[in-house]
Amino acid sequence: MSDARIGEVRQALLVLGAVAAEDADYAKTRNGRGFSKSDSSKGHALSKVSLAAALGDQSLLGEILRMAARYRRQASTLSQGTLL
305 MSDARIGEVR QALLVLGAVA AEDADYAKTR NGRGFSKSDS SKGHALSKVS LAAALGDQSL
365 LGEILRMAAR YRRQASTLSQ GTLL
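Residue numbers for the sequence shown follow the working numbering, beginning at 305 and rising by one.
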């Protein structure tokens, strides 16, 4: 696997981790932060997957990349907030 692809997967896992950190209540409260109610359980589970596990399972990798794409914008906003 190329270094670029590994970097993409690493970034996707960082996105999921950042969003999971904002979703401590597993979307019980509607606050516009964290995963949606329908994505919360799966999002938290995917955020805990190791890079090696993601790279070793194409199906899992696809799920991680798809969910990270959905939440990339929110994670970007979160990271900008920590820089201020």
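Source of the hints: derived by calculation from the structure; they are not laboratory data. Misleading hints may appear alongside valid ones.
Unchecked claim - Capping the alpha-carbon separation at 30 Å, the derived lysine-lysine pairs in DSBU-like fashion look like this:
1. Lys332 to Lys352
2. Lys341 to Lys352
3. Lys346 to Lys332
Here is how each hint holds up against the structure:
1. A hinted pair counts as satisfied when its Cα atoms are at most 30 Å apart, and Lys332 with Lys352 qualifies at roughly 20 Å.
2. Under the criterion of a C-alpha separation no larger than 30 Å, the hint pairing Lys341 with Lys352 is consistent with the structure, at around 18 Å.
3. Between Lys346 and Lys332, the direct Cα distance comes to roughly 15 Å. Compliance with the 30 Å bound is thereby established for this hinted pair.
When the structure is compared with the earlier hints, no violation turns up for any of them.
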